[in-house]
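Protein chains: 4
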Amino acid sequence: MECGEPVEQVAIRPGMSVNELVVQLSRAGAYNGGALARAADIYERMLRDPETVKFFGLAGAMVPAGMGKIVSDLISAGHIDILVSTGANLTHDIIEALGCRHYHGSSACSDIELRHEEINRIYDVFLPNDAFITFEQFIQESLALLDPVATYPIGELLSLLGRRLDRGILATAAQNGIPVYCPAVADSMIGLQCWLYSQSGKISVDAFLDMKALLDACFCAKRAGVLAVGGGVPKNFILQSMLMTPNGFTYAVQLTGDRPDLGGLSGATLDEARSWGKITEEAAAVTVYGDATITLPVLVAAVLERMAQ
Amino acid sequence: MECGEPVEQVAIRPGMSVNELVVQLSRAGAYNGGALARAADIYERMLRDPETVKFFGLAGAMVPAGMGKIVSDLISAGHIDILVSTGANLTHDIIEALGCRHYHGSSACSDIELRHEEINRIYDVFLPNDAFITFEQFIQESLALLDPVATYPIGELLSLLGRRLDRGILATAAQNGIPVYCPAVADSMIGLQCWLYSQSGKISVDAFLDMKALLDACFCAKRAGVLAVGGGVPKNFILQSMLMTPNGFTYAVQLTGDRPDLGGLSGATLDEARSWGKITEEAAAVTVYGDATITLPVLVAAVLERMAQ
Amino acid sequence: MECGEPVEQVAIRPGMSVNELVVQLSRAGAYNGGALARAADIYERMLRDPETVKFFGLAGAMVPAGMGKIVSDLISAGHIDILVSTGANLTHDIIEALGCRHYHGSSACSDIELRHEEINRIYDVFLPNDAFITFEQFIQESLALLDPVATYPIGELLSLLGRRLDRGILATAAQNGIPVYCPAVADSMIGLQCWLYSQSGKISVDAFLDMKALLDACFCAKRAGVLAVGGGVPKNFILQSMLMTPNGFTYAVQLTGDRPDLGGLSGATLDEARSWGKITEEAAAVTVYGDATITLPVLVAAVLERMAQ
Amino acid sequence: MECGEPVEQVAIRPGMSVNELVVQLSRAGAYNGGALARAADIYERMLRDPETVKFFGLAGAMVPAGMGKIVSDLISAGHIDILVSTGANLTHDIIEALGCRHYHGSSACSDIELRHEEINRIYDVFLPNDAFITFEQFIQESLALLDPVATYPIGELLSLLGRRLDRGILATAAQNGIPVYCPAVADSMIGLQCWLYSQSGKISVDAFLDMKALLDACFCAKRAGVLAVGGGVPKNFILQSMLMTPNGFTYAVQLTGDRPDLGGLSGATLDEARSWGKITEEAAAVTVYGDATITLPVLVAAVLERMAQ
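Residue numbers (this note's numbering), protein chains in the order written: chain A, 1 to 309; chain B, 1 to 309; chain C, 1 to 309; chain D, 1 to 309.
Each hint should be verified, as a subset may be incorrect.
Unchecked claim - No farther apart than 27 angstroms at their CA atoms in a straight line, the calculated lysine-lysine pairs in the BS3-like style are these: (1) B:Lys212 x B:Lys222; (2) D:Lys202 x C:Lys202; (3) D:Lys202 x C:Lys212; (4) B:Lys202 x A:Lys212; (5) A:Lys222 x A:Lys212; (6) C:Lys212 x C:Lys202.
These aren't lab readings, by the way, just hints derived from the structure by calculation.
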């Protein structure tokens, strides 16, 4: 046990850039502020490493909170090679891409009144139910374009949807040829719409077909890195994908609001992932505990500023 | 705004039963102790209601923590009609059913050393890697029994596994004809094994086929109730299943360690679910914040004691 | 790194006692359920050790939540030698001892309406403002009994109040000659009342005078143990009190809802306390993360059951 | 219930200033990112209001984490009129002012080894024990300067210490004539040193004397505002100080890592404070949940940038 660098007191300068602030947090180096600064260092190294396959995990209701454009911009900039998302984020991405909007609301309200006014609540975000009518029409039309005798991987279904949209995460991924995986797609409005379609039409989507392409990518990767926003299925699906290869992730950053002592994977430290071989013994890895609506924009702004220098 | 009953100070009697303690918490009525007591009242009403379809959601690493038998005992007792689980819990259930064990460990340890000794860590639980060799053999043998030209729903794949085991959650569910849904099964060691099998054999598992039976059950249900341990895919997959019906859940209890202000569904209050119509306007619903390794056993012990009276 | 005992799956028996349940949690041994079981083992050893001075730290709004009687009953049973509390808990203890009540309320309500109806809210507990009128009268009368030229330690002020009450924590402590320390007493309604009294009368209370008796007790203690409910001033004031002696605490249990990664002492692990020498190198120590309105009653019920056997 | 503005997707621009980022968060408006943006709006209004007495509450181990200079710079800039702190933050402030340093460490380490090497740990910050020898010498020398027959308010004791230092929070406060209150000063190394001094010397510090000046300031204040970092004694001591006046706080921002459902004041929402009259019915108030080592620098950088425009 040895002391590292001295803690430098954070100095605020009016007008300082986000990265200047993160550099200050780096010199202070403590708690989650320090962890966020280490995350920026790791994410910068990961993005600058041309031989690293870059994974991005997207869990938590991030798109309704306005965090979706950060993801699509990272795709456009070439900073995401493989995206794994919850179905809910993709549902809300489609809704926004179709021109429907989420709205500022309040968490202190009557949910019964909201029900009567046909407004759905996501903490302090409101989403009028109309959006799901537009959404239903889009999905039903899209599914009708599928070949009824073919079996699709989930990723291909999502790619079809993305090609029919002109903005947002799915659209940008489709435009850039970036695969989007969503193993729990059935657990979302997309899943309910597929069920609805299957009442009259025919659709065949395989639960495991995506894994071949994903694991091939993992086997081919010289190195792999991951930025996981939230935990859930995306975090584990990404981390486990390297388990079958001789390697693990070399770079790993997680932004999560959960906590480790409850035992769940969403809050588990990335050190734990070392014991499984999901990340390498020497992996540069850090977990930042906090709300990703704060930590994600700060992290990305800091690292993009460094990349632009 | 009116004051309810006075807060009664909790009285501890040496030797008191778990339900006696929960009754004391009910009279105190505050914070998560009060919420846990309300959860017991709701869960009791749900279990006593013969016309309610009883869902159980299982997320978080509950089986490695010794919470699996509570689930299988609830199935045996007829208290679960439909189980929705993460893939990880089913993986660890199979591991235990095959005679492998999880072990008391520590969260303060070197994960690199653990890696060298081939021990996987889940917070303070250790799982020697050997277990996965036994697991692999079992799954590969099981998959070989599938009809290579048939397409299976995920639930049927899990049912097959359950029928080949003699204890645990999957086995008990199979013995009792209780469906087990796991929409994100690809996100688990079961998923990786299916991929492995598909490298040489043929397996076809549909991502959406389960939804027909599930939604049929929802349409037929006079009333529905849910006990959700953790959030994740199981919580939402259960709650969304009633969205397509004219009804919502009448009883809803969630035990979670997450928090609402981060916006994610795992920590969202059940009130929020009211705005969506996932639960009815009049639903009896409560969220208990805390570690389910404490709240689940206390809740179930209290309610089973009441049912036995 | 070695595996410990196998994780035993928790078995629920209807009618089981609280300690039977905790023994089950002990055999499972994981996450906070396991920590709670270890806390019971440590607290039992501490209570059974005749040569240990037993500290109890009381933070968080525990009395309004009905947890006060657990504390006064522990005092009556001889299980607390030194109590350190926040001022708020003592304020609410006095309010209840004076016959005023806290009431079941709701956290989802209009605080402006509550304000109009003169009801104060503590999460989901309501306290009508009337209580503070009764409280004010009691405190002002009590302070008038003080010798205006004497300087009192805070503990003696509290002892005076306790002697004028016939139930509750302060009363029971006074009856049993147990010192109650409250270093931040100014930060409470008691403090505001003292200020009010000093507008016309004279009162002299020393901020440090209590420390002599406390540290003398620490120097004399062969061993020391602590059960800290919450963190805050009580946790640190207790732990630091052994810093001046050659020893540290031998037994230490903390029940807290905070978390370590934020750096604050309230959520800090007790391991951290080992580096400071607040607890001994070999101390039996555990932190249980969760709401003390659940963990405290379960812990105390289990240990009292063992003591009664 | 009505929908507010649409959620705007956050756009990151490399090199953007901290306030530009916070403005983006304001347009997204969701979860704690949205709360942080609202906090910036409220804090800006508070700092720009010349008739508002500006309180600052400092809890949590902020100085060891490098957050102390933000506080002293706010004092220098005239943005703090009254500071309320925990004793620990002042202890660490003195240590840094005396030239001793805190160091980058790790939370994954052997606390027993640290003990052997005489290094104290605060989560992932290390503080060699030497610092306390320097600290002891300084405090003992300082106390010897006190008039042994006078009775001091705690604030005056702290002011004396501040005048003997040339940098840091206490020094800057003393230089600017800003009162520093620390009602729980006994609960800190300063308290232990006072006890040590009283073993041979004489010192008389009153627990309540500060309240007169504080409440006079509250009665004179046309309006009052507060930025509370963490909860603990500082939050409540500040909020309760307006209870005796006909007014409450008009502006209130809290940055906390605690949570409301546990009932403790540290995690309580500021809405709850409305029911008590601690803040006014119309008060602009917001709680940002998260680690203050992230939220405090972002908040202050954003608001100072606005003030500089």
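Structure-based check of all given hints:
1. B:Lys212 x B:Lys222: 18 angstroms, holds
2. D:Lys202 x C:Lys202: Judged against 27 angstroms, a Cα distance of about 22 angstroms means the pair holds.
3. D:Lys202 x C:Lys212: 13 angstroms, holds
4. B:Lys202 x A:Lys212: 13 angstroms, holds
5. A:Lys222 x A:Lys212: Status holds; Cα separation ~18 angstroms.
6. C:Lys212 x C:Lys202: Holds, at roughly 24 angstroms.
Consistency note: the structure conflicts with none of the earlier hints.
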